[in-house]
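Asker: Model the full assembly from the supplied sequences, consistent with the hints where possible.
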Amino acid sequence: MAVGVIRTQSNAIQATATLEAVGQAIVRYGLVLVVGWIGAMKFTAYEAAGIQPLVANSPLMSWMYGFLSVRAFSNLLGAVEVAVAVMIALRPVSSRIAAVGSGMAVMMFLTTLSFLFSTPGWEPSLGGFPALSVVPGQFLLKDVVLLGAAVWSLGEALSAART
Numbered sequence: 022m023a024v025g026v027i028r029t030q031s032n033a034i035q036a037t038a039t040l041e042a043v044g045q046a047i048v049r050y051g052l053v054l055v056v057g058w059i060g061a062m063k064f065t066a067y068e069a070a071g072i073q074p075l076v077a078n079s080p081l082m083s084w085m086y087g088f089l090s091v092r093a094f095s096n097l098l099g100a101v102e103v104a105v106a107v108m109i110a111l112r113p114v115s116s117r118i119a120a121v122g123s124g125m126a127v128m129m130f131l132t133t134l135s136f137l138f139s140t141p142g143w144e145p146s147l148g149g150f151p152a153l154s155v156v157p158g159q160f161l162l163k164d165v166v167l168l169g170a171a172v173w174s175l176g177e178a179l180s181a182a183r184t
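Per our numbering, residue 22 is the first one in the sequence shown, and the count goes up by one each step.
Certain hints may be false.
The calculated label-pair distances, taken between Cβ atoms and stated as ranges, are [to be verified]:
(1) Thr184 with Thr29: 31 to 37 angstroms
(2) Phe88 with Met62: 44 to 50 angstroms
(3) Ala46 with Arg92: 34 to 40 angstroms
(4) Leu89 with Gln159: 26 to 32 angstroms
(5) Ala61 with Thr29: 43 to 49 angstroms
(6) Thr29 with Val101: 47 to 53 angstroms
Derived from the structure by calculation, the hints contain no laboratory data. By construction, the Cβ of each residue, glycine as well, lies at the ideal position given by its N, Cα and C atoms.
Answerer: So, in structure tokens, the structure goes:
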């Protein structure tokens, strides 16, 4: 009987470790997929026009339009986002590179979350705050989860870099 209990506990521990490893892979490479895909889209006129009101209303970023066109800024941002995705994806090769990419992702998501406060986005027909409009409000709110994934990725990569 005791052997059966030990075997069951061992199987449960292995299953838990497997779930954790699968979850970590989904978080890391899901982050890579989202950041890379969104970054690649920045090279399209559609996406450049889509981010224009967010950037134009941002006290952190609006100054960029003083010397870059809407399309040039979008292309630059796309290149940075694709580079961030590649750096995070390189975690099995270099935890230090992944840490840099993850740190950049943290900054990126903090910046995009600031758009919630700088871009008009509260739904007046529902009484304003806290009712978010679909765009930009609800669209940007997902970045809270992406920020969490980036913070986890940064912490994990920094821990691995120390060993």
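Asker: Hint by hint, note whether the structure agrees.
Answerer: Now for the hints, and whether the structure bears them out:
1. For the pair Thr184 and Thr29, the supplied restraint of 31 to 37 angstroms holds, since their beta-carbon distance comes to about 32 angstroms.
2. Take Phe88 and Met62: their Cβ atoms lie about 23 angstroms apart, and the range 44 to 50 angstroms is violated.
3. Here the CB-CB span from Ala46 to Arg92 is close to 35 angstroms, well matched to the stated 34 to 40 angstroms.
4. In this structure the hint that Leu89 and Gln159 lie 26 to 32 angstroms apart at CB holds, the actual value being about 28 angstroms.
5. Distance hint check for Ala61 and Thr29: the Cβ-Cβ separation is about 47 angstroms, which falls inside the suggested range of 43 to 49 angstroms.
6. Taking 47 to 53 angstroms as the suggested C-beta distance range, the pair Thr29 and Val101 conforms, at roughly 49 angstroms.
Hint compliance for this structure: hint 2 alone is broken.
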